[in-house]
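Student: Protein sequences appear in the order of chains C and R. Counting in the numbering used here, the first sequence runs from 355 upward without gaps. Counting in the numbering used here, the second sequence runs from 28 upward without gaps.
If you're looking for bench data, these hints aren't it; they were derived computationally from the structure. Source: prediction; values computed, not measured. There's no promise every hint is true.
Here are the simulated BS3-like pairs of lysine-lysine, each with C-alpha atoms no more than 27 Å apart in a straight line [unchecked claim]:
id	chain 1	residue 1	chain 2	residue 2
1	R	K99	C	K494
2	R	K170	R	K242
3	C	K379	C	K409
4	C	K512	C	K483
5	C	K379	R	K121
6	R	K98	C	K471
7	R	K87	R	K98
8	R	K185	C	K471
9	R	K145	C	K471
10	R	K170	C	K379
11	C	K379	C	K442
12	R	K145	R	K159
13	C	K442	R	K264
14	C	K530	C	K471
15	R	K87	C	K494
16	R	K170	R	K121
17	C	K491	R	K242
18	C	K409	R	K121
19	R	K216	C	K491
20	R	K170	R	K87
21	C	K379	R	K145
22	R	K145	C	K409
23	R	K264	C	K494
24	C	K471	R	K242
25	R	K264	C	K491
26	C	K491	C	K512
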Amino acid sequence: MTAIIDYGVGNLFSLTCSFDAIGEKAVVTSDAEVIKQADRIILPGVGAFGDAAEKLRATGLDKVIVEQAKAGKPLLGICLGMQLLFDKSYEYGEYDGLGLIEGEIRPIAEVIPASYKIPHIGWNALIYKNDDGGLFKYIKEGDCVYFVHSFYAAGCDKDTAAVAEYGAPLTAAAVKGNVYGTQFHPEKSGDVGLNILRAFCERQAEVC
Amino acid sequence: MITKRIIPCLDVRNGRVVKGVNFEGLNDVSSPVELADYYSRCGADELVFYDITASSDGRKLFTDILCETAKKVFIPLTVGGGINTVEDFDRVLKCGADKVSVNSGAIRNPSLVGEAAKLYGDQCVVISADVKRVDGVFRVFAKGGRENTGMEAIEWIKRCVGNGAGEVVLNSIDTDGVKQGFDLEMLDKVCNAVSVPVIASGGAGGIEDFITLFKTLPRVDAGLAASIFHFGEVSIKDLKERLRAEGIIVRL
């Protein structure tokens, strides 16, 4: 069973439907016990980093997620959920993340040419970098996925599994051991996205 | 590189897809859920669902159909029609919409765009403008293109983007249903006025019109059409293959 963490940020309807579509049982929950019993965890999120980080801390779910990830349970952060896995963010201030992957969240405006539109919105191709931890086993390099974001993960080269080219290479997926993150939305990326979720669901806990 | 998007638009009334020419003479085309699934399989990059129902029964039917679609189709869904309040945003977002398009609702209540952007993020709010030339001036029309608001279109669109709209759908009433190509002059003016993605709507008659659109106006992000897709005059797969052969970056 996969626990999709509900901490009041964003809409989880499509994400839940995508697990139904690949035949995996998923539960939307904010209950620490359910998260502890789950085989794997999804950390979703849309909106602003500061708000989301604050909500995770207020509910105490930040500690549960970090504890479970450190115990070896597969964790996938999606979009803002991916950004929360990093050390800190500079989105409208300076906020601490969960610190599970080294790096920081910075505005894409710092690295892309001024002629490019912000947010980076639409379908873009994955360019593979380092080890994907099995996440891309059912897809191929060059497959397109759906992005909507104005900030990106910087300073995480060694854990970057893929980038997307948008006037600069933007981190599209990061993998560190059992901790995974996708800047794009697999639940909105057609069959390619469903195949990424399918691959993630095959990850087993290393130690539990 | 980011790809150019091809977006079929489904006008839904009483649970069925309809399409009008110049907003009149609507014909029943097909089941929205089936058509959405079909388009997704053919390579559509996004879908727009327009609710053209007037009754509350029809509105409930529309959200049921939206939910059914979101269970089967895993590409971005934009919903428009009958969006007048932030509660309307909430109603369709809960059923699987990713973006919400406002048109007459933003004209009636100018603070709607800003309120929704604050609650759901700029990326969620699409300003859809029906624009027509009146005595040489681009004017915004309301109520499905029937009522001239008297507002100058470029200023209106700029104001909406300033208030937080993250995307613009520009529907030219002058070219809609005529099938002689997109309104390049109008689109060029809008692209030069805003820095958010612009989606061209109204006038696609064939594959050549999309090639002309993206080659003439590289700042246009997406092309939207309805009847040419619904009646099988253009297949999305053929269209995207031709675009790629012409050097335009698309998702295949």
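Student: Which constraints among the numbered hints does this structure fail? Numbers only, ascending.
Tutor: Numbers 2, 6, 10, 11, 12, 13, 14, 15, 17, 19, 21 - these are the hints that the structure violates, sorted from lowest upward.
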